[in-house]
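Chemist: Sequence:
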Amino acid sequence: MFTIVWEENGPEICINRVFLSDSEIKSETKMFEAYKTIESGTSLKIKALGNKILSFLKGDTVDFDLQLIDFDQCSEIQNKVLLAEYRIPRGYISTYKRIANEIGIPKGARAVGNALANNPFPIIIPCHRAIKSNGELGGFQGGVEMKRKLLEMEGIAFSNREKVLMNKIYY
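Residue numbers (the working numbering): 1 to 171.
FYI, nobody ran anything at the bench for these hints, they're computed from the structure.
For every residue, glycine included, the Cβ atom is placed at its ideal position computed from N, Cα and C.
Worth double-checking, as some hints may not be accurate.
Said to hold, decoys possible - Here are the simulated SDA-like cross-link-like pairs (lysine to any residue), alpha carbons at most 25 Å apart as the crow flies:
#1 Lys-26 to Lys-97
#2 Lys-149 to Ser-43
#3 Lys-45 to Lys-97
#4 Lys-58 to Cys-74
#5 Lys-58 to Lys-97
#6 Lys-163 to Leu-137
#7 Lys-52 to Ile-25
#8 Lys-168 to Met-146
#9 Lys-26 to Leu-165
#10 Lys-97 to Tyr-35
#11 Lys-45 to Ser-23
Claimed, not checked - Pair by pair, the computed Cβ-Cβ distance ranges are:
#12 Gly-10 to Pro-106: 19 to 25 Å
#13 Gly-50 to Gly-155: 22 to 28 Å
#14 Glu-39 to Arg-87: 23 to 29 Å
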């Protein structure tokens, strides 16, 4: 379902990446493709984060602590996109174009889409809440089917043409 990659520096924990399984590839396989040498382990903070992700995937409202996230690996634009995406509340969506406008890049819809396609922290940064301006879902690391399920779980409605109803837009 998901795999968390993290580093420990003394008592501090830093989340490097969250991988989601999709219909073809398990999250662990994705992790081993990205990180050739990696040790498995756990900590109380990682267990707590894993439990929060599981609760979220079951439909619970969860607040994620961004203090554990390693944003240093992201570009300045990607950081702006991820933080804007993080602010979209549960039960709302936004479009790549609207997010681009929000972060001050009026013609940056494609840049927003690319930043979210490479979101190292899916679920924690809820990139499933960004869609195309025409109501189509766009992509998602866990697959479009998972994106749709997450949005439906959050109360987002779809038309009979499989497009998101644009009545709960943020930004």
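Chemist: State for each hint whether it applies.
Modeler: How the hints compare with the structure:
1. Annotation: proposed proximity of Lys-26 to Lys-97 is violated, straight-line Cα distance about 31 Å (limit 25 Å).
2. Only pairs whose Cα atoms come within 25 Å are accepted, and Lys-149 paired with Ser-43 is rejected, the gap being roughly 30 Å.
3. For the proposed pair Lys-45 and Lys-97, the alpha carbon gap of about 35 Å is over 25 Å, so the pair is violated.
4. As the CA atoms of Lys-58 and Cys-74 are separated by approximately 29 Å, the hinted pair breaks the 25 Å bound.
5. With a CA separation close to 30 Å, the supplied pair Lys-58 and Lys-97 exceeds the 25 Å bound.
6. Note on Lys-163 and Leu-137: the hinted pairing holds, with a Cα-Cα distance of about 7 Å set against a maximum of 25 Å.
7. Straight-line distance between C-alpha atoms of Lys-52 and Ile-25 comes to about 23 Å, which keeps the hinted pair within the 25 Å bound.
8. A C-alpha spacing of about 19 Å is found between Lys-168 and Met-146, which places the hinted pair at or below 25 Å, so the restraint holds.
9. About 31 Å separates the Cα atoms of Lys-26 and Leu-165, which puts this hinted pair outside 25 Å; it is violated.
10. For the hint linking Lys-97 to Tyr-35, the alpha-carbon distance of about 33 Å lies beyond 25 Å, and the restraint is violated.
11. Using a Cα cut-off of 25 Å, the hinted pair Lys-45 and Ser-23 is violated, with the two alpha carbons roughly 28 Å apart.
12. Checked against the given bound of 19 to 25 Å, the beta carbons of Gly-10 and Pro-106, roughly 44 Å apart, lie outside it.
13. The hint said 22 to 28 Å for the Cβ distance between Gly-50 and Gly-155, and at roughly 25 Å that hint holds.
14. With their beta carbons about 34 Å apart, Glu-39 and Arg-87 fall outside the hinted range of 23 to 29 Å.
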